[in-house]
Structure formats: C-alpha cells, structure tokens
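Asks: So the protein lines, in turn, are chains G and D.
Mind the numbering: the first sequence is residues 75 to 368 in the numbering used here, read in order.
Mind the numbering: the second sequence is residues 283 to 693 in the numbering used here, read in order.
Certain hints may be false.
[Unchecked claim] Chain G side only, calculated, beta carbon under 10 Å to chain D, not exhaustive: (1) His174; (2) Arg224; (3) Val296; (4) Glu334; (5) Ala344; (6) Pro361; (7) Leu364.
Quick caveat, the hints were computed from the structure, so don't treat them as lab data.
Nothing here was measured: the structure is a model prediction, and the numbers come from that model.
Every residue gets a Cβ at the ideal spot worked out from N, C-alpha and C, and that includes glycine.
Chain by chain, the residues:
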Amino acid sequence: MDDFFGIPAPLLFGQLLLGLINGAFYALLSLGLAVIFGMLNVINFTHGAQFMLGAFVAWLLLNFLGLGYWWALLLAPLIVGAFGVVLEKTMIARLYKLDHLYGLLLTFGVGLIIEGLVRNEFGSSGLPYRIPPELSGAWDLGFMFMPVYRGWVVLVALVACIATWLVIEKTKIGSYLRAATENPALVQAFGVNVPRMMTLTYGAGVALAAFAGVLAAPIYSVNPQMGSNLIIIVFAVVVIGGMGSILGSVITGFGLGIVEGLTKVFYPEASATVIFVVMAIVLLTRPAGLFGRA
Amino acid sequence: MTEINRRTLLGGAAAFGALPTWQARAQAQNTIRIGVLNDQSGLYRDTTGPGSVACARQAVADFGAQARGINVEIIAGDHQNRPDVGSNIARQWIDRDGVDVILDVPTSSVALAINTVTREKNKVFINSGAATSDLTGSQCSPNTIHWTYDTYMLAKSTGGAMVRAGGDSWFFLTADYAFGHALERDTSNFVRAAGGRVLGGARTPFPSTDFSSFLVQAQASRAKVIGLANAGGDTINAIKQAAEFGLTRRGVKLAALLMFISDVHSLGLETAQGLVCTETFYWDLNDQTRRFTQRVLPQMPGQFRPTMNQAGCYSAVMHYLKTVADMGVAQAKASGVETVNRMKARPTEDEAMGQGTIRADGRRTQPSYLFEVKSPRESRGAWDYYKLLQTTPAEEAFRPIADGGCALVRS
Chain G
75 MDDFFGIPAP LLFGQLLLGL INGAFYALLS LGLAVIFGML NVINFTHGAQ
125 FMLGAFVAWL LLNFLGLGYW WALLLAPLIV GAFGVVLEKT MIARLYKLDH
175 LYGLLLTFGV GLIIEGLVRN EFGSSGLPYR IPPELSGAWD LGFMFMPVYR
225 GWVVLVALVA CIATWLVIEK TKIGSYLRAA TENPALVQAF GVNVPRMMTL
275 TYGAGVALAA FAGVLAAPIY SVNPQMGSNL IIIVFAVVVI GGMGSILGSV
325 ITGFGLGIVE GLTKVFYPEA SATVIFVVMA IVLLTRPAGL FGRA
Chain D
283 MTEINRRTLL GGAAAFGALP TWQARAQAQN TIRIGVLNDQ SGLYRDTTGP
333 GSVACARQAV ADFGAQARGI NVEIIAGDHQ NRPDVGSNIA RQWIDRDGVD
383 VILDVPTSSV ALAINTVTRE KNKVFINSGA ATSDLTGSQC SPNTIHWTYD
433 TYMLAKSTGG AMVRAGGDSW FFLTADYAFG HALERDTSNF VRAAGGRVLG
483 GARTPFPSTD FSSFLVQAQA SRAKVIGLAN AGGDTINAIK QAAEFGLTRR
533 GVKLAALLMF ISDVHSLGLE TAQGLVCTET FYWDLNDQTR RFTQRVLPQM
583 PGQFRPTMNQ AGCYSAVMHY LKTVADMGVA QAKASGVETV NRMKARPTED
633 EAMGQGTIRA DGRRTQPSYL FEVKSPRESR GAWDYYKLLQ TTPAEEAFRP
683 IADGGCALVR S
C-alpha cells in the first residue's frame with residue numbers, strides 16, 4: 075500500500091473527499107455572504123444565526139406541521155428569507171450611506187439576539203433531526219464508507235453555487251444588480267427600482283444561508299450555536315476569496331475544506347486554526363484576497 | 283459662604299462612593315451568598331446553566347433556610363467556558379459582592395482556575411459540573427469539594443464495562459483541553475490494566491462541528507471501541523455522525539465516556555439507543571429522585587429533567603446549609619477551609635443524590651450507575667431514557683484516596 079508521509083493512501087483519499095464535503099458547506103455559506111457584500115456592501119454578521127434558523131425552521135415544520143425534509147428544503151429558505159427582507163427593510167436599509175462598521179455592528183447584534191432567543195426557547199444541546207430515508211445508507215467506495223447524504227450535500231451545493239453565479243453573471247437581473255453596485259443613482263435613473271432590488275438581494279442571500287442550514291440539520295447537532303461555530307471560518311473564507319467575489323468564495327470554500335481536512339489527518343490540534351493561518355498569509359501577499367479586485 | 287475646593291469635592295465623592303459598599307458589607311454579615319458559576323450560553327448550558335441555579339434555589343427552599351434564620355442569596359454568572367472570564371467573575375464576586383461559596387463550574391479548565399482563586403481567598407468551592415479527577419488529585423485544595431462525578435469514575439464504570447464486553451482495542455476522540463486529556467488518560471489506564479490496547483487517538487479542537495475525518499481515522503485504526511472523551515455538543519455531533527457513517531452498524535462500539543440525559547434527549551432514542559453511560563443521578567432512579575424531580579421541574583428551563591450536575595448542585599447546597607446551620611453563619615463566612623472541614627466531617631444525605639461521604643482529598647463518594655439508553659420501543663413516556671445495568675458501590679466507584687497524589691492526604 076502506498077503511503078504519503080506515513081498516511082496510507084486510502085485514508086488520505088477519504089480525507090480529501092470529506093474535506094470537499096465540508097468545503098461544500100463553506101462554499102454555500104460564503105456564497106450568500108459574498109452576494110450580500112458584493113451588492114449591498116454590508117458585512118452580514120447575522121449569517122450564522124440565519125443558517126441556524128434554517129435548521130430550526132426545518133425542525134419546527136417537521137414537528138408542528140408534519141412537513142418533512144423535502145418540504146423544509148423549499149419552505150425554510152423562503153420563510154427565513156422573508157425574515158431577511160423584513161430585517162433589511164426596517165433596519166439595514168438605513169445604514170447603506172454610513173460606514174461598513176455600522177452594518178457590521180447591527181447585524182452582529184441582531185445575530186446575538188436571535189441566538190439568545192432560540193437558546194431560551196430550545197436550550198443549548200439541540201434537537202434531533204433525522205436523515206430522510208431516501209438519502210440514508212452509505213456507499214462502499216473501497217477506501218472508505220461514503221454516506222449517501224454527504225454526496226447529496228456536495229451535489230446540491232455545487233448546483234446552488236453554479237446557479238447563483240449564472241444568475242448574477244449571465245441574466246438581465248444579474249446585470250442590473252452589478253450595475254447598481256457600481257452606480258446606483260444612474261441605474262435608478264433608467265427606471266430600475268434599486269432599493270427593492272437591494273432588499274430582494276439581501277433576502278436571497280439569507281435564503282441561501284437557511285438552505286445550508288436545512289442541509290446541515292440531519293448531520294450536525296441542531297443547536298443555537300451551530301451557526302456561530304461555522305461563521306467565523308466562513309468569514310475567513312470570504313476574506314481569502316476576496317470580499318464580494320462570488321467565484322472566489324466558492325472556489326476558496328471548497329479549497330479550504332480540503333486544506334482543513336488534510337490538517338485533521340496530519341495535525342488535528344491545528345485544524346481549527348489552519349484556515350486563519352492561510353488567511354494571514356493571503357492578506358500579507360494579496361490584500362484584496364485571491365480573487366478580489368484591489 | 284463655604285468655599286468648595288477640589289479636595290473637599292473629591293473627598294465627598296469618595297465618601298459617597300463608599301456608602302453603598304459599606305451598607306452592602308453590613309448586610310452581607312448575616313447573609314450567605316452562593317455564586318453559581320457555569321455556562322449560561324454555550325454548549326454546556328443544558329447540562330448545567332439555569333437548571334443548576336434552579337436546583338440550588340430548590341435546595342434553599344427545601345432546607346427552609348429562612349425559617350431557620352439564615353439568609354441565603356443565590357447569584358448566577360456565565361463563565362463562557364473560558365478560564366480568564368471565570369476567574370474574573372469569581373474574584374469580583376468574592377472581593378466586591380461578598381460571595382462565600384462558588385458552585386457548579388463545569389469545564390475542567392475553568393474549574394482548575396477557580397480552584398486556585400477560592401484557595402487563595404479562603405472561600406468554599408463546591409464543584410459539581412467539571413470532570414477532571416485532578417481536582418482531588420494533583421491539584422487538590424482544602425477549600426474544594428468535588429461533588430458529583432469525575433473522569434476516573436467515568437473511566438472505571440463505562441470504560442470497564444466496554445472492556446468486559448470484549449472491547450479490548452480503543453481509539454480516542456479527545457476534546458483538546460484539560461477535561462478531554464484527563465478523561466483519555468484515566469480511561470486508557472483502565473483499558474491497559476484490563477489487558478486491552480489503545481491503538482491511537484485524535485485531539486479534536488473544542489468545540490468541533492464535524493467529526494467525520496476523525497471517525498474515518500478511527501475506523502482505519504481497526505479499533506473495536508471508539509472512546510469519546512468529550513462532552514455536550516461534541517458528543518452529540520460525534521454520535522450522530524458515527525451513525526451516519528455506519529460505524530455502529532459494522533460492529534464498532536461507541537463509548538460515550540461522559541454523556542448526560544440532555545444529550546440523549548437531543549440525539550433522540552433512535553440514534554442513541556444501546557449506548558451506555560455512567561451517571562450518579564437519574565430522575566427516574568427511585569421514589570426519592572422522582573419526588574425531587576417533581577418539585578424542581580416547574581423551575582427547570584424547557585421542562586428538562588435535571589442532569590446529574592444539576593442534581594449535584596441541589597445536593598451540595600443542602601449539605602452546605604446543614605453545615606452552616608451547625609456552625610453558625612458568621613463562622614462559616616469567616617473561613618472556607620474550616621467550613622469545608624466541617625462538611626467533610628458529616629455524611630451527606632438528600633433526596634436527589636442519596637447518601638454519600640466526603641473524603642479528606644475533597645472527593646465526595648457515592649454509588650455510580652451504569653445505564654443503557656432504551657430503544658424507542660422500550661421507552662414508555664417523556665424522558666424515559668435509561669435502564670440500569672449495574673451499580674458500583676461508593677467504595678469502588680472512585681479512585682482510591684492513596685492513588686490520587688493529593689498533598690492533603692499525605693500530610
């Protein structure tokens with residue numbers, strides 16, 4: 075059997091694959107963040123809480139309305155996205171003209187409040203949510219056992235990432251959005267309702283977070299702090315990819331998942347910090363991030 | 283006309299500032315203050331948190347402190363699982379607020395920090411929530427009582443049972459801080475002593491969300507048992523993902539070395555069934571525990587049944603107040619060491635934890651119970667989660683006093 079630095083090759087392949095799966099979550103979450111920052115110039119620190127809300131809404135739908143995973147995948151992003159629209163209309167929209175810092179503080183505060191409310195209602199240890207029967211089970215890949223559900227996550231995340239990229243880069247709405255980021259006054263002068271577009275963009279970014287939350291519910295503990303554990307890493311992903319760069323955040327998300335996965339084999343103690351080491355190196359050499367425009 | 287210069291102004295301000303403190307001191311003289319210091323907002327909130335505060339309050343009510351002329355105040359603090367935050371709160375409580383007892387303190391790293399603070403300030407530290415057996419071993423203190431459980435007792439009961447059932451090769455997933463290290467060390471000792479082998483382990487960052495990498499490593503080691511030397515959300519995630527990766531279906535056994543009933547509640551019986559764990563309290567253990575649970579349940583957040591940590595807080599406050607009633611409030615407030623010595627001199631007894639004794643090294647001993655999680659079909663109602671497999675008597679449940687290396691024992 076071939077060894078790489080004392081690690082058997084099959085184990086290494088397994089870890090690369092698992093890294094890719096975690097990367098799918100990073101990509102999906104950082105995608106929403108990048109969309110929001112790219113279009114609205116708001117650093118959305120509520121993202122982790124909105125991810126968590128997605129998972130909790132899935133649980134509520136199941137336990138109070140009897141609606142299972144597939145319905146949740148559709149409804150939870152809509153419900154949490156609608157909440158995002160309200161949040162943007164009532165609070166965030168007032169801060170566009172101010173420094174980034176205000177948006178950051180507001181969204182950070184709202185995130186803490188949401189987390190606290192959910193914790194008071196449901197406790198901290200979390201709620202059970204099962205893998206849907208259609209996606210349970212595992213494939214034997216020879217070098218490792220691959221749960222069907224994880225394969226599904228990678229697939230769905232890839233589709234969502236590509237779809238978002240297509241919408242923004244290749245459609246008319248996307249071109250309006252990009253134009254509005256460059257010069258909102260001019261786009262408004264052409265008769266495009268820029269404030270409404272901003273609102274819907276924020277709603278869509280939030281819906282992406284909730285979507286990732288539903289995907290995460292069957293495999294991670296559904297608890298109030300599930301978002302805050304992930305969000306710091308996801309912010310690092312966005313910074314490394316280049317703030318606001320959609321392609322950058324997707325590629326970086328998958329890439330860093332792999333880097334983290336490999337660290338878990340060679341030196342597990344550092345797996346929580348390796349992403350920040352990468353971030354420091356990237357910021358020193360390319361301050362705008364790997365795919366960002368300086 | 284009186285001329286007000288800067289000095290009189292400053293003096294007046296100083297006197298004014300001192301006034302509330304002075305009043306507080308006068309009041310503090312006949313009031314016992316118990317500070318429940320634990321995780322109110324993170325992953326150990328459900329195993330300790332507001333539930334511990336509710337149990338401590340229940341003890342004050344059940345003891346009838348007011349009727350006996352003892353004023354008891356219970357305050358709560360959130361140490362956020364960080365030793366620096368915990369030490370700061372403890373110092374403030376003792377120096378400024380006149381707190382006499384610090385109670386609960388889950389998270390071993392924080393507990394060890396508080397252990398130093400209370401010793402330095404000569405206050406009482408009753409730990410219910412933390413696991414590390416070092417609290418009554420190398421780090422033991424005359425001001426500290428370790429009430430509910432420890433890593434040695436978990437290792438012996440759960441670890442021993444796994445080895446006896448044929449699990450003689452182990453791989454550890456260890457939370458990378460004082461608690462995880464202590465639990466791994468104590469369990470490894472039992473595994474090796476019973477002729478088993480430890481094939482490897484991974485130190486996982488605390489807290490972690492994704493355990494899949496570590497589980498695949500564990501599987502590659504071909505160990506029969508994966509020892510989970512972690513707690514709370516980490517344990518829940520690891521168990522959930524072990525089921526997802528089909529480890530348990532292929533005959534690998536999980537040893538949840540520290541699992542609470544709130545964790546089982548979170549996992550659901552479907553996922554948790556068949557796991558074994560060790561506790562010193564279960565709400566449905568006997569008539570007494572059921573009576574205690576009925577009383578405290580309305581105050582428990584989310585109607586959660588008390589965990590052993592929370593029940594331990596009840597038991598500890600009960601015993602402490604009995605001792606205070608004996609020796610008098612003023613004397614109890616005067617010296618933490620003296621109070622702890624008096625507490626050690628008498629056996630403990632209450633409805634939640636039954637009977638126990640406190641040894642010279644500060645370890646409280648009582649029987650430990652090995653439980654198996656019921657299957658959904660066996661469970662007959664809400665929170666009916668455990669069946670009792672085995673009881674280890676108090677004398678055997680904990681580390682022999684001579685083996686801990688506690689300086690209090692040698693002297």
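Asks: Looking at the structure, which of the earlier hints fail to hold?
Replies: 1, 6, 7
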